[in-house]
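Chemist: With chain A held as given, fit chain B onto it using these hints.
Protein chains in written order, with my numbering: chain A, 274 to 432; chain B, -14 to 236.
Keep in mind that the hints were calculated from the coordinates and are not lab data.
The model shown is predicted, which means the values in this text are computed figures rather than measured ones.
Note that the Cβ used here is the ideal one computed from N, Cα and C, for glycine as well.
So the derived label-pair ranges between C-beta atoms look like this:
| hint | chain 1 | residue 1 | chain 2 | residue 2 | range |
| --- | --- | --- | --- | --- | --- |
| 1 | A | Pro291 | B | Asp51 | 22 to 28 Å |
| 2 | A | Cys397 | B | Glu17 | 23 to 29 Å |
| 3 | B | Ala234 | A | Met350 | 23 to 29 Å |
| 4 | A | Pro291 | B | Ala48 | 30 to 36 Å |
| 5 | A | Pro291 | B | Ala234 | 22 to 28 Å |
| 6 | A | Arg305 | B | His50 | 26 to 32 Å |
| 7 | A | Asp347 | B | Gly75 | 45 to 51 Å |
| 8 | B | Pro61 | A | Gly278 | 49 to 55 Å |
| 9 | B | Thr135 | A | Thr315 | 54 to 60 Å |
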Amino acid sequence: MAVAGAELEELVRDIEDPELPHVTIGDLGIVRSVTVDGPTATVLLTPTYTGCPATEQISDDVTAIVRAAGYEPDVRMVMSPAWSTDWITERGHERLRAAGIAPPPPAPEPGTVPVDLPVACPRCGSRRTRLISQFGATACKASYVCSACTEPFEFFKAL
Amino acid sequence: MSDHLLTYVLRQGDRALVLAQRLLEAITHAPEIEEDMALSNLALDLIGQARALYSYAGEIEGAGHDEDHFAYTRDPHEFLNPLLVERPNGDFAHLIVRQFLHDAWALPYWSSMQHSTDATLAALAGKAVKETTYHLRHSRSWVVRLGDGTDESHERAQAALDALWPYTGELFDADGVEDALVADGVIHPPADTLHEAWRGTVANALEEATLTMPDDGVMQRGGRVGRHTEAFSYLIGELQVVARAHPGATW
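Next comes chain A alone, as it looks inside the complex (with noise of 0.2 Å):
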C-alpha cells in the first residue's frame, strides 16, 4: 500500500545529506518537486554543485525511499534554474551551525564576489575569525578559524 503524495514527500525532504549531517535535502533546498502520478512519483532535483560526489548518493537515497513507499521511482536532475544557498532553509542555518559549520550569507550576484564580511563562529559567536582557504573539505565550503575560542571550523560558502 503507497504512502499519501503529501507524505512521500516528507520522507524524500527528510533524507539526510550524506556529506553534511543531520542536514535533510529539504532544508538545503535541493528537492524541486515531489510529484505523483498513478503508480509512478517522480522526484525533480537539483545538484549543488556540478561535481558534487554527494549527488548520486542522493539519487540512490532518493529513489530507494520512493520504492520503500510503494512507488515507481523517476528520479531527475534539473540544472536550471542553478542552485543557489539562497534556498537553504531557516532550519538548515540552524542546524549546520549545530553541526559547527557557519551558514551561508546571500547569494552574490552572478559572476561578482562581493567584499569579504566577517564570519561568525558557529562554536562562540565571535566574528573575530579569518579565512584559512578558499575551499575547505568539500567544494561548497571553507576553512577558517576562530582568533577568539581558536577552534576551526567550516563555512557555507554563499553560492
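Modeler: What follows is chain B alone, placed relative to chain A:
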C-alpha cells in the same frame, strides 16, 4: 549543425577534463595541505562540468555513447582541448599561472554562455559561472601572492607567465565550428569580446602582482583540432589506464 555542436561540446568537455587531470596530478604536491584541498575542489568542479558536457555530446551524437566513452576510449588525437590546459604542472607557479590564465577566460565565457540559445549549455553555464567565480578568485590571489612575494617567487611566477603565454592565443581561436554556432546564437559572445574581457582581468592582476605581461609573439595552437604536445599522450595514458585494462568494470 549537429556535427558542429558535437565538436564544440567536445572541445569544451575536453578542456575541462584535461585541466582537471593536471590538477589531480598535483594533489599531495601543493605547498600546503589547504592547497591540496583547494586543487581537488577545483578539479571536482571541472570534472562535473566535463561530465555534463560529455553526456550532452552523447545525446547530440545519438549513438548511445555515455560520458565514460568520451573520457576513456578516445585516443589522444581525438581530444580537442586547447594546448594551454595540457601543459605539464612544472613548479607550483606554473600550475597556478596556468589556472589563472584559464579562469580569467572561463569566467566571462560561462557568464556570456548563460544567454546561449542552446538550453542545455545555458543551464550548465548558470552553474559553472558560480563555480568559476571562486576558481578565479583563488588562482588570482595566488598569482598576486607569488608575483608580489619574495624574489624567488616573483622570478618563478614571471618565468611561468613567459612560458605559458604562447598558449593563450588558442583560447580565442574560432574556426568554421564556432563561426556557425555564433551565427545561431549558441555561442555568446564572439571571441574578440571575450579576448578583451580576459586581457582586462589579466592586466589588472599582473599589475597588482608586479609581473610583466609578455608580448604576444608566435602563438602555439593545434589542440582544438587534435594536434597535441608531447606531454599529452602520457596524461591520457594515465587517465585511461584502468578503463583500458578492465573495460566495462564496475564496483
